[in-house]
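Given next are the chains, with one letter for each unit.
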Amino acid sequence: MDAIILQILNGLDKGSAYALIALGLTLIFGTLGVVNFAHGALFMIGAFCAVTLQRILSLSHEVVDPTKSDFLGNPLKIRQPYVHDLFGPEFGASLIEWSVPLSILFCIPVMIAVGFAMERGLIKHFYKRPHADQILVTFGLAIVLQEIIKYFFGANPIPTPAPAALNGVVNLGAALGLEVAYPLWRIVYFCFAALIIGAIFAFLQFTTFGMVVRAGMADRETVGLLGINIDRRFTIMFGIAAAVAGLAGVMYTPINSPNYHMGMDFLVLSFVVVVVGGMGSLPGAVLAGFMLGILESFASTTWATTTIPGINQVIIYLVAIIVLLTRPRGLMGRKGVMED
Amino acid sequence: MFGLNKKDGLLFLIVVALTALAPFLLNPFPVNSAMAQFNAGYPDLLQRFVIFGIFAIGFNILFGLTGYLSFGHAAFLGVGSYAAVWMFKLFSYNVLPAIIFAVIVAALFSVLIGYISLRRSGIYFSILTLAFAQMSFALAYSVLSNPNFNLTNGETGLQVYADDPQMFHRDGLPDLPHLFGLSMRATHELQLGAWSFTFNAGYYLCGVIMLVAFYLAIRIFRSPFGMMLRAIKSNNTRMTYTGLNAKPYTLAAFVISGMYAGLAGGLLAAMDPLAGAERMFWTASGEVVLMTILGGAGTLIGPVLGAGLIKYMENIVSKINDNVLHQWFSFLPDGLEDVMVTLIHPFVGKGWHLTLGVIFMLVVIFLPGGLVEGGQRIARLFRGKKAREAERKSTQSTPAE
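Protein chains in written order, with our numbering: chain A, 93 to 432; chain B, 106 to 506.
Pulled out of the complex, with its shape left as it was, chain B reads as follows:
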């Protein structure tokens, strides 16, 4: 189906189903129940899930396939956001040209940075990308917002003002990002008994784009090009000895992942027409690294899972406070209840970064393949011993030397 083999096709269909039904699946608790705060099915968070999913998928094409660890990928996200907001300011609130322009600008930017950074590898590459991203951040924050040439609007962030030209803006169109008149904030509430589900136009646009991005990523993973990238990861020197020039391939991978980041940035701006320099800060670059590693670098679905997990923690776990904890443990005797609350307190609410750090370390130490590897291990436990033996035989390979 669509040029995918059976296994990939199934995976793709599952992702399609999950994306389409996410507003249901992530809202499993009735509105007025105590667990309602774990509902993640509201538009803002859903959009973040898929947008950062796109970002992580793109990062994974670079890091998962070629092994080049970029610590400056947020620069492309930020550039994409700025480009999209400029399209809003100059032409109209239509998201389509804005997103396309964001991808193009991010691509040009990544060609420039990639061409220079890819002259080195290993930690030097990481430092070069970090240096470029930090430079972009500093410039966007200060210099590019001077009154004569205000490209980024500095600390306030770039946004659309009433006196902007907006050449193609007509009266009937919404004063918000829209797709040919369909506002990105348009929502439909569905009440089913005690449950309430929200369907948001912006989310479904992002979702469709994410599915396209995911499909392209599968095709890249399975293509001869993807094979070549994997070869670069496993042994770059040997690639060179066989007479292949690895540079165009890595540069292509770098630019593709830069375009994914630009797409994510453009979508962020399309959901909320605002772009700030903090999107380019190195912590944002670190976050996408965390997402990809947590989910499983080099796997197809891993980065999306990682992005979802981190965004879920950022938005939901950070909201758990002591009152909620007391409610949870109210079935315990009083003394024990307080002990449990004190024990868990540092890990939730404002301390969610601590939980994230601990999970991240555990994953790097025990599950280098991320959550996907964890899932595979569990699946293997459930499969019979016979299947395991067969698999071992089939995957056994003889080294080339």
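The following block holds chain A by itself, in its conformation from the complex:
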């Protein structure tokens, strides 16, 4: 029982990342009809927003510490971050420690700007071109973005720890008398993902803007004929989708130190998730994300890997193949999407 709960929990945090990326992909695909291979790069840029903020906050200058001395007896020089000068040592230290959660605020405007620039500058010109061209140009863009990040931040993973208060391990099963120790940050990640997903669905369901976007997803031409500037709204949706991918990246940094190719690693799986969920279906993307995350974590148990060796490596692809062959539109796909 403990083990089963633990595996479900383990699956939830990876599943949250899959679900968030797949949600962004589906938002872009559903609104603009573009298959965005650079979405993984957006996830990666989000993660590097956290790194950047951490670096900015840790910018420091040298000061002499009168209370200590080095081994020669001279007063010790230490590096003191500027935030300590600005906000006092205690608040400054906690600012640095909480840099990952703070990056959420930093990341949203950056990602929306990146999203706008991408849509207006490049993808806009590819609406009328075949899907293969869209895939290829965004694939090229992903390589370029990845290499730019590599140029500035190097090829090695950069550790970005979560704040100490959120870094511990909690026993989730204590109330039920079970032994389920689980890292706190992963719970935070799951709650955060659930919040974002809920917010996106609420935005689309309960606001006028969301209503227009949904109408545009169903029939773009008619909405345009009603005198609504649907293109502008879709650009905004692209920005939002980019922000969702970026936020997923920011919060993922303490789980997995960001490196320049993390986006591509996630993208390949996220595409599988989107296809399993059904192209163009938002609930499908979220459902498939969590489902595949949990399946993957169950397949990684010792019991599974001894019964069928290697199942943990192939389970997602296996499920994708089975789903695509038995339910060609994915779990919750609509008719007429990508079937031209």
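To be clear, the hints were calculated from the coordinates, so they are not data collected in a lab.
Values in this document were obtained by computation on a predicted structure and should not be read as measured data.
Warning: the hint list may mix true and false statements.
To be verified - Using 30 Å as the maximum straight-line C-alpha spacing, the simulated DSSO-like pairs for lysine-lysine come out as follows:
| id | chain 1 | residue 1 | chain 2 | residue 2 |
| --- | --- | --- | --- | --- |
| 1 | A | K220 | B | K455 |
| 2 | B | K338 | A | K220 |
| 3 | B | K424 | A | K242 |
| 4 | B | K338 | A | K216 |
Since the structure of chain A is already known, use the hints to place chain B on it.
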């Protein structure tokens, strides 16, 4: 000639000449000059040019003709490599049976994957092929290398060990891949003044096979079968309405391109008897897509050009470092020199992927037909206005509807 029309025959002859003279053409700089590092005429790189040329030609038969974008073609390359190394391990170092076996295994593998993947089209097909390739990679990397049933030797890569049976290996034969005794590493150095040229047996074997593969590709492009594949690309639905079943044709194209990939994999193993799982990783599949698109999908010579360009960049551009850049710009005033070096620095050396990405994006955006289309545009500029008018008249067609 050989059943080719005049234009194709000429193209084929040009490719034959280029392949035969490549050791000269790619070594234009004297050995001790500053530009010597741009010489690409050394055997290892030459072999890569033609082997990846074969891979890209095969990919182009699938993608260029039918429009099915496979993101898992490297799986066949990897399978071909493994098959060839197994032939080395079990029988002998002779490359001929190894290459033939590699093609057969890749063909069987591609029949299996193609039969399943081709039930869907568009992005679903891409994802299915990607999923199969990633599965093959994961299996080759982990499960198939367990001690009881070691098919792939996992992370180390499959290689030939001294205690392997090698049933037909005799004493007089070289302990390296060979063609009936002619070692693939056999080279002949030719010194002409300051220049040095290397002729390598392995390269010429690969070159001959590449020419055969290229010739077959031309014949496929010009055959009724190739016509049918193009029809599938332009309008699959209408094909179905006319009562034709497109599936056998696409499957045939898929298997042919899988066999080309297996051939390339077998040749890679024949040049260096080693096979690793990383050859099946999805980045390798992405690379062949890049090659084909860069050169020009659906054209005959494009994929070979693309493969050459990418391999050249991977091996030559990646070697340019800051010292070399400083040498180049030493004629400029000091301040300007540093500025130029800083500007170019991110694009060369370790950053060659960035250059590749930028070129690739530019090609997709402005030259959807790849380098070949670029060449055609330039050629058209040089031709007279009259010829252009005539061409426009002759290519004008009335739509069928």
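- prompt: Which of the numbered hints above does this structure break?
  reply: Violated hint (a single one): 1; every other hint is consistent with the structure.
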